[in-house]
Amino acid sequence: MALSREQMAQWVANELKDGDYVNLGIGIPTLVANYVPPGIDVMLQSENGLLGMGAFPLEQDIDADMINAGKQTVTARAGASIFSSAESFAMIRGGHVDLTVLGAFEVDVEGNIASWMIPGKLVKGMGGAMDLVAGADNIIAVMTHASKGGESKLLSRCSLPLTGAGCIRRVLTDLAYLEIEDGAFVLKARAPGVSVEEIVAKTAGALRVPDEVPEMRF
Amino acid sequence: MALSREQMAQWVANELKDGDYVNLGIGIPTLVANYVPPGIDVMLQSENGLLGMGAFPLEQDIDADMINAGKQTVTARAGASIFSSAESFAMIRGGHVDLTVLGAFEVDVEGNIASWMIPGKLVKGMGGAMDLVAGADNIIAVMTHASKGGESKLLSRCSLPLTGAGCIRRVLTDLAYLEIEDGAFVLKARAPGVSVEEIVAKTAGALRVPDEVPEMRF
Amino acid sequence: MKGFDKRVESYADALAGLSDGMTVLAGGFGLCGIPENLIEQIRVMGVKGLTVVSNNCGVDDFGLGVLLKDRQIRKMVASYVGENAEFERQLMSGELEVELTPQGTLAEKMRAGGAGIPAFFTATGYGTPVGEGKEVREFNGRPHILEHAITGDFAIVKGWKADRYGNVIYRHTAQNFNPCVAAAGRITVVEVEKIVEPGELEPSQIHTPGIYVDRLIVGSFEKRIEKRTVRTAA
Amino acid sequence: MKGFDKRVESYADALAGLSDGMTVLAGGFGLCGIPENLIEQIRVMGVKGLTVVSNNCGVDDFGLGVLLKDRQIRKMVASYVGENAEFERQLMSGELEVELTPQGTLAEKMRAGGAGIPAFFTATGYGTPVGEGKEVREFNGRPHILEHAITGDFAIVKGWKADRYGNVIYRHTAQNFNPCVAAAGRITVVEVEKIVEPGELEPSQIHTPGIYVDRLIVGSFEKRIEKRTVRTAA
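Chains as they are written, first to last, in my numbering: chain A, 259 to 476; chain U, 259 to 476; chain W, 59 to 292; chain V, 59 to 292.
Okay, chain A solo, but in the shape it has when bound (with noise of 0.2 angstroms):
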């Protein structure tokens, strides 16, 4: 069966190393906080200014000068700093985030990812995405494999306009986990219950299956 969102967030925290430095984008990404493992300690990144993002505040310590990149009233936690927007991509820019978890529309075997704008829709901004793709060395694209419609988004070349040309080497999506590597996605793990074969016939760009392609576990 396809993975949850948070099946998809879960396995991405494990992903995670003791002491890294993340950047999580709006949507699936954000949820990975909730599954940090045990033992590991990470430091969230907020584009707007913030290292070391805390929990939402309570109620009665809402603060509306302390707020994420997604606009959020957040707490700092123990070991944060605060700095301007230039300082934030500055470190963003220089590589010192160690992962970057982003949504995307498409992503395709040279490594291009597509996630900020459709074109005919009204474009509301790339906002940090592309600083992000371009800034951090380890990115994860966290994505629905298809459309509702079954059409892959995983695919040879990107239609819609970039947000970062040949940045992504990692993909997981909610049947598989891929890695991109010569032009062709090779396929690293699968949804527990999700067949090869799924994935075959839902990947549009070049896809590599190794003899064995294990189940993930939860």
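Among the clues, some could well be false.
Said to hold, decoys possible - Here are the computed lysine to any residue pairs in the SDA-like style, where the Cα-Cα straight-line distance is at most 20 angstroms:
id: 1; chain 1: A; residue 1: Lys379; chain 2: W; residue 2: Pro187
id: 2; chain 1: V; residue 1: Lys281; chain 2: U; residue 2: Ala322
id: 3; chain 1: A; residue 1: Lys382; chain 2: W; residue 2: Pro187
id: 4; chain 1: U; residue 1: Lys379; chain 2: V; residue 2: Lys281
id: 5; chain 1: V; residue 1: Lys285; chain 2: U; residue 2: Ala313
id: 6; chain 1: W; residue 1: Lys127; chain 2: W; residue 2: Ala143
id: 7; chain 1: W; residue 1: Lys60; chain 2: U; residue 2: Lys379
id: 8; chain 1: A; residue 1: Lys446; chain 2: A; residue 2: Asp432
id: 9; chain 1: W; residue 1: Lys285; chain 2: A; residue 2: Gly285
id: 10; chain 1: V; residue 1: Lys60; chain 2: A; residue 2: Leu274
id: 11; chain 1: W; residue 1: Lys60; chain 2: U; residue 2: Ala336
id: 12; chain 1: V; residue 1: Lys127; chain 2: V; residue 2: Val156
id: 13; chain 1: U; residue 1: Lys275; chain 2: U; residue 2: Ala260
id: 14; chain 1: U; residue 1: Lys382; chain 2: V; residue 2: Asp119
id: 15; chain 1: A; residue 1: Lys382; chain 2: W; residue 2: Glu190
Stated by the list, open to error - Covered by chain V, per the in silico footprint, the following chain A stretches (three or more residues, Cβ under 8 angstroms):
id: 16; stretch: 270-282
id: 17; stretch: 336-346
id: 18; stretch: 352-363
Claimed, not checked - Sample of chain W residues lacking proximity to chain A, with all beta carbon distances greater than 12 angstroms (derived):
id: 19; residue: Met80
id: 20; residue: Val124
id: 21; residue: Arg132
Note that these hints are calculated values from the structure, not bench results.
We treat Cβ as the ideally placed atom computed from N, Cα and C, and that holds for glycine.
Starting from the structure of chain A, add chains U, W and V where the hints point.
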């Protein structure tokens, strides 16, 4: 008679405007701080990261962590701020410093300045001088008009390696105050008792002498 | 002798000289740390044809959104302009020109503007619509695009505390774009919650040194919250 | 779980992995705010052939000067290298390669290195020996030269207070190049006077966020003064 070092400093000090942010180079420029006219407040920028340099400390207040760009122990005045070298030169390069006063070996009619290197002699480095001359809108070069041997330092073309190209418009020497316009020095004022003829004789670069050349007053 | 006393008497004084067609840089992220009262003063002045550079454009009835409603903005340079119906309408109808700029590039363009760096290379935006028509050059085996600095005729900034010298500190994440904006204005106007006595701000803890600040005023702030998210006590 | 605890046990641990031929960025201005004990540790380790990037090169018997004396430095990138007789000797004899870089360009090159900006244009140095061989381009009617970012294998930094997360603040003008250096090291090592409890440093007042810091150690410092200048009580 040629101006003394103190008179040169005093003349420059009279050019200060209330509220100016000023960077003073080593040597005569440093003395300018002693002659700030009453009713005028200026803030001194020291390029190691101090805006609002104060007096030297009392013996008992010396602090190794509080120095100026000349590496002298100093204090910070009311309204001072302290920041990184990157921020300090952002300020300088960005043209936020109103006035820079610095010494020079040579200047020429194109506004070039040479102040940091004499080939064949040991080179100690340009420090912040190249950034300062490229960054300030308003620079006063302070220098002797000619060498002890009588050779002019106001040239048609600098002979020494440059500190900056085309960046000087105002020159105060021990003999005169001149501005650089359209490829020539323009004699704006002469030191008390110094004749226009002496200045003409000691200026190698093109020199325009207006009908009236006022004598400086002290 | 006024010296370094940057305080002005009124919001009218704070924005004196702002006129039609100028470029205004505005601090803030979403509705956090925005110069509320300076924006309101621009509305009151009724200047038109502005180019506004700001990460966001407020909401329909608050922040920069009110200037959109009054059609005072000709062009918007921003990274994200959601949450604003009037914005959508003007964008679709072609009344408003929009230059979408990646958030980090926007911050760096203003930082560069303040720092006298006319242009810089960044990997951000290469291969995307943002990179179209821009010079591409490879560094360390990776393509980068050339981006140019941004400066403004006016910069409007929201600080927390300042002294009369114009030294400013920001509170929590209300810092965001404000220091970048402050450095990049030809005339930089800062409104703060509180003006403190000289000496109260530790020199090495000042976020925006007074050299960047031309005018300073105290305001009172609504500080509207866009997304109120809370947890319940465990 | 070590998490974000950046503290190491010894100076040997602090510089573990530093080896011959590496590039080391060092904070400080003159002898102010220099990482005294980390420099001493490099001396003790005896690594050779280093490229050192630092505004100055210490004096004969203190600071980076001791590494010159031991001929551990192959190349020096600096803006000013006076007050050092051994330096003069090695420079004249050709034993030492020196790349003189304007002070502001040096700071900006390291800031760029830390910020992922591979190159930028600046007017500084145009038309001078510094500009020779560099690309020239006009912006706003003025020629600028292209300068490249600097990063280092190690960055050695002197802070004042830090918490175990590696968040650092600097004291007075001992800040200088230290934050620029801290951001530009592949491995950044900070020595401080004091490690404080988490929460003692106000998040918005931190100069160098812990994300830039890999290793942290407490040292004791001589803090030698280069030019003792005083006034007498009036």
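Going through the hints against the structure:
1. A:Lys379 <-> W:Pro187: 16 angstroms, holds
2. V:Lys281 <-> U:Ala322: OK: V:Lys281 and U:Ala322 at ~6 angstroms, within 20 angstroms.
3. A:Lys382 <-> W:Pro187: 14 angstroms, holds
4. U:Lys379 <-> V:Lys281: Violated: U:Lys379 and V:Lys281 sit about 31 angstroms apart, past 20 angstroms.
5. V:Lys285 <-> U:Ala313: Given that 20 angstroms is the threshold and the Cα spacing comes to 14 angstroms, the pair holds.
6. W:Lys127 <-> W:Ala143: Within the cut-off at roughly 10 angstroms; holds.
7. W:Lys60 <-> U:Lys379: Status violated; Cα separation ~47 angstroms.
8. A:Lys446 <-> A:Asp432: OK: A:Lys446 and A:Asp432 at ~13 angstroms, within 20 angstroms.
9. W:Lys285 <-> A:Gly285: 15 angstroms, holds
10. V:Lys60 <-> A:Leu274: Roughly 14 angstroms between the alpha carbons, so the hint for V:Lys60 and A:Leu274 holds.
11. W:Lys60 <-> U:Ala336: Satisfied, since the Cα-Cα distance of roughly 15 angstroms is no more than 20 angstroms.
12. V:Lys127 <-> V:Val156: 15 angstroms, holds
13. U:Lys275 <-> U:Ala260: With Cα atoms ~26 angstroms apart, U:Lys275 and U:Ala260 exceed 20 angstroms; violated.
14. U:Lys382 <-> V:Asp119: 18 angstroms, holds
15. A:Lys382 <-> W:Glu190: Holds, because 19 angstroms separates the two Cα atoms, which is no more than 20 angstroms.
16. 270-282: holds (count 3)
17. 336-346: With 7 residues closer than 8 angstroms to chain V, the stretch 336-346 of chain A meets the three-residue bar; holds.
18. 352-363: holds (count 4)
19. Met80: 23 angstroms, holds
20. Val124: Given that every Cβ of chain A is farther than 12 angstroms from that of W:Val124, nearest at about 18 angstroms, it holds.
21. Arg132: 18 angstroms, holds
This entry does not satisfy hints 4, 7 and 13, going by the numbered hints stated previously.
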